[in-house]
Amino acid sequence: MTNNFVFDANMAAKTINVTREFDAPVDKVWRAWTEADLLDKWIAPKPWRAETRTMNFMVGGVWLYAMVGTEGQRHWVYAEFTAIEEGSSFSSIGRFCDGEGNPVLEGPKSYRNTKFMTIDGNRTRVDMVISFEDESTIKIFTEGGFKEGTFMSMNQLDELLASA
Amino acid sequence: MRRDVFQAIADPTRRAILTLLVTGAMTPNAIAEHFDSSRQAVSKHIQILTECGVVTHVQTGREIHYHFNPDKMKEIDIWLERFRKMWEDRFDQLDNLLNDL
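Going down the list, the protein sequences come from chains A and B.
The first sequence maps to residues 1 to 164 in our numbering.
The second sequence maps to residues 1 to 101 in our numbering.
Source of the hints: derived by calculation from the structure; they are not laboratory data.
None of these values were measured; they are calculated from a predicted model.
Heads up, a few of these hints could be off.
Once the Cα atoms are required to be at most 16 Å apart in a straight line, the calculated EDC-like pairs of lysine to aspartate or glutamate come out as [to be verified]:
| id | chain 1 | residue 1 | chain 2 | residue 2 |
| --- | --- | --- | --- | --- |
| 1 | A | K109 | A | D98 |
| 2 | A | K41 | B | D89 |
| 3 | A | K41 | A | E51 |
| 4 | A | K14 | A | D134 |
| 5 | A | K46 | B | D89 |
| 6 | A | K14 | B | E75 |
| 7 | B | K44 | B | D11 |
| 8 | A | K46 | B | E88 |
| 9 | A | K46 | B | D95 |
| 10 | A | K14 | B | D11 |
| 11 | A | K41 | B | D77 |
| 12 | A | K41 | B | E88 |
| 13 | A | K41 | B | D100 |
| 14 | A | K46 | A | E71 |
| 15 | A | K109 | A | E71 |
| 16 | A | K115 | A | E86 |
| 17 | A | K14 | B | D100 |
| 18 | A | K28 | A | E86 |
| 19 | A | K46 | B | D92 |
| 20 | B | K85 | A | D8 |
| 21 | A | K115 | A | D37 |
| 22 | A | K41 | B | D92 |
| 23 | A | K28 | B | D100 |
| 24 | A | K28 | B | D95 |
Derived contacts from chain A toward chain B, CB cut-off under 7 Å, selection only [unchecked claim]:
| id | residue |
| --- | --- |
| 25 | M11 |
| 26 | W30 |
| 27 | W42 |
Computed footprint of chain B on chain A, listed as stretches where at least three residues anywhere in the stretch have a Cβ under 8 Å from a Cβ of chain B [stated by the list, open to error]:
| id | stretch |
| --- | --- |
| 28 | 14–23 |
| 29 | 111–118 |
C-beta atoms are modelled at their ideal positions from N, C-alpha and C, and glycine is treated no differently.
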């Protein structure tokens with residue numbers, strides 16, 4: 001079955017639209033995006049694995065997880081929930097973290113809105129809009145350190161933050 | 001002021017200048033002839049494109065030619081491709097998870 005994956009970048013607007021269909025009802029897909037033990041099972045691209053430290057799915061709450069590499073290296077990912085419509089959409093702000101998982105509040109941010117809708121009766125379409133503040137932000141978030149399977153070193157991140 | 005590729009392509013005139021330069025290097029006068037706006041306005045756009053790194057210039061005698069710099073634009077394609085692949089991989093893993101749920 002086709003999953004109609006769309007990844008559409010509008011660089012002038014600094015926005016990326018991502019759409020994907022899943023062969024499961026919306027309540028299951030919603031759980032997979034909002035429950036820590038489920039998120040940990042799919043959010044890290046192999047060979048990385050995800051380990052959630054904090055998940056507080058409410059407006060103002062935070063999801064903090066580590067991408068853990070094959071050699072135990074950790075890269076923290078931080079999202080703060082800014083709006084939630086139970087079962088249909090949520091928004092979050094992404095921030096960079098230092099090596100201990102503390103968010104760098106004055107650092108670059110990304111914004112994400114994710115919508116869930118039922119299609120064909122028992123399938124789900126997810127529409128996600130990711131937006132960025134500027135080029136350096138999009139660069140750090142898209143590279144996210146995934147260069148050749150290793151995350152960017154903290155030194156490189158510090159440099160980017162300093163130039164932001 | 002810090003410039004980035006997004007500022008380069010955010011403006012319709014600048015996008016039009018880039019499109020012109022893709023077909024070959026041009027002098028500022030030759031570029032300006034394609035636009036109704038003042039020569040001064042066009043040269044301001046060229047200056048911004050240069051500061052963004054998407055256009056370079058080469059001086060030959062008294063003539064300056066502006067060139068399109070595809071490497072700068074390619075940078076973006078590389079980040080985006082990486083990002084797209086990451087989401088694709090995640091979604092494939094999510095498919096598997098949903099099957100078991």
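Hints, one by one, checked against the model:
1. A:K109 with A:D98: 14 Å, holds
2. A:K41 with B:D89: 12 Å, holds
3. A:K41 with A:E51: 9 Å, holds
4. A:K14 with A:D134: 7 Å, holds
5. A:K46 with B:D89: Judged against 16 Å, a Cα distance of about 8 Å means the pair holds.
6. A:K14 with B:E75: 15 Å, holds
7. B:K44 with B:D11: Roughly 12 Å separates the two Cα atoms, so the pair holds.
8. A:K46 with B:E88: 12 Å, holds
9. A:K46 with B:D95: 15 Å, holds
10. A:K14 with B:D11: 13 Å, holds
11. A:K41 with B:D77: Not OK: K41 (chain A) and D77 (chain B) at ~29 Å, beyond 16 Å, violated.
12. A:K41 with B:E88: 15 Å, holds
13. A:K41 with B:D100: Roughly 11 Å separates the two Cα atoms, so the pair holds.
14. A:K46 with A:E71: Status holds; Cα separation ~13 Å.
15. A:K109 with A:E71: The given pair, whose Cα atoms are some 28 Å apart, is violated under the 16 Å limit.
16. A:K115 with A:E86: With a Cα-Cα distance of about 11 Å, the restraint between K115 (chain A) and E86 (chain A) holds, given a limit of 16 Å.
17. A:K14 with B:D100: 36 Å, violated
18. A:K28 with A:E86: It holds: about 13 Å lies between the C-alpha atoms, which stays within 16 Å.
19. A:K46 with B:D92: 11 Å, holds
20. B:K85 with A:D8: Distance ~13 Å between K85 (chain B) and D8 (chain A) Cα, so the pair holds.
21. A:K115 with A:D37: With Cα atoms ~21 Å apart, K115 (chain A) and D37 (chain A) exceed 16 Å; violated.
22. A:K41 with B:D92: Judged against 16 Å, a Cα distance of about 11 Å means the pair holds.
23. A:K28 with B:D100: At roughly 11 Å apart (the allowed maximum being 16 Å), D100 (chain B) and K28 (chain A) satisfy the hint.
24. A:K28 with B:D95: Given pair K28 (chain A), D95 (chain B) holds - Cα atoms ~11 Å apart, limit 16 Å.
25. M11: 6 Å, holds
26. W30: Because about 11 Å separates W30 (chain A) from the closest Cβ in chain B, which is outside the 7 Å limit, the hint is violated.
27. W42: Cβ of W42 (chain A) sits 4 Å from chain B, so the hint holds.
28. 14–23: As far as the stretch 14–23 of chain A goes, the hint holds, because 6 residues have Cβ atoms under 8 Å from chain B.
29. 111–118: violated (count 0)
Of the numbered hints given earlier, the model fails hints 11, 15, 17, 21, 26, 29; all others are met.
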